[in-house]
Amino acid sequence: MPYREQQDKAADGPEGRPSGATGGAGAEPSGPSRPILTTSRLSKAFSVGGAQQHVLRNLDLEIAPGSFTVIMGPSGAGKSTLLYALSGLDRPTLGTVVLDGEELTGMGEDALARFRRSHCGFVFQQAHLLDGLSVLENLLAVGLLAGADRTAVVSRAAELLERVGLPEREWAKAPGMLSGGEAQRVAIARALMNRPAVVFADEPTGQLGSEQSSAVLDLLSEVHDDGQAIVMVTHDVRSAARAQRVLYLRDGRIADERPLAGTTQERTEGLTGFLTRMGW
962 MPYREQQDKA ADGPEGRPSG ATGGAGAEPS GPSRPILTTS RLSKAFSVGG
1012 AQQHVLRNLD LEIAPGSFTV IMGPSGAGKS TLLYALSGLD RPTLGTVVLD
1062 GEELTGMGED ALARFRRSHC GFVFQQAHLL DGLSVLENLL AVGLLAGADR
1112 TAVVSRAAEL LERVGLPERE WAKAPGMLSG GEAQRVAIAR ALMNRPAVVF
1162 ADEPTGQLGS EQSSAVLDLL SEVHDDGQAI VMVTHDVRSA ARAQRVLYLR
1212 DGRIADERPL AGTTQERTEG LTGFLTRMGW
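The opening residue of the sequence shown carries number 962 in our numbering; numbering runs sequentially from there.
Treat the hints as calculated values from the structure; they're not laboratory data.
Take the hints with a grain of salt, since some may be wrong.
Said to hold, decoys possible - Just the calculated beta-carbon pair ranges, DEER-fashion: (1) G1223 / E1131: 34 to 40 Å; (2) R1052 / G1011: 17 to 23 Å; (3) E1230 / H1089: 31 to 37 Å; (4) E1123 / A1222: 29 to 35 Å; (5) T1054 / D1110: 19 to 25 Å; (6) G1037 / E1230: 37 to 43 Å; (7) R1052 / M1138: 33 to 39 Å; (8) A1119 / D1217: 42 to 48 Å; (9) P1220 / R1052: 38 to 44 Å; (10) S1175 / T1112: 20 to 26 Å.
We put the beta carbon where it would ideally sit given N, CA and C, even for glycine.
Build out the structure end to end from the sequences listed, making use of the hints.
This is how it looks when you write it as structure tokens:
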């Protein structure tokens, strides 16, 4: 049984109905124009000193399958809060999030956790690898938790570690023995382990030097070129220029957006001009 089908079978509820993905065997395929991710009137507020602080305000958003979208904006604009709401890591105060045909805001905690495991990949500023496990075991844990067969999980993990350029001699090492760039490459491999609908990346190069950052961005671009949808938060213009589309968040709202195309220089110059107009 193919790896993703094993995941979908494992995610079935007690009556055989999927509790998460619509992408398993026998599921109705999404049409080419159907968004992979949508929000409607998405809002998030926190209680601070007895007062409500509104971080996200009535956001309507669509993300196309296989697209690369970047979220930018000033500090405190709600970028990471939006990313967490889109991925089900945090619940909005109001509004809905629909990812891969499933409404996240209507799920219970257990169902939401299962859905995230099989449909969302995460790359953060820190790699957050488990020090008590080897590099390889960090990937195996993700696949096994999703309920896939161990043989298929081992094969998938080896495939991904080779793809991100980590030599096999490094696989048995503890994560603490890796460089920052190597650890982030492993984190990307881990994010791809369960063939997610969307990879969510929050400042994935924020702790890396320029050379390591370029290597990580090259890898994300390659993954996107293979059809993977990516939503990334960044404050770095060179990182954002890798995307197809940049959303500019201000005061919890999408103030404007900019499509990107052309050469690297054209994309960077176009984005720089856009950010200047936005008061970046």
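**Prompt:** Which of the listed hints are not met by the structure?
**Reply:** Numbers 5, 6, 9 and 10, in rising order.
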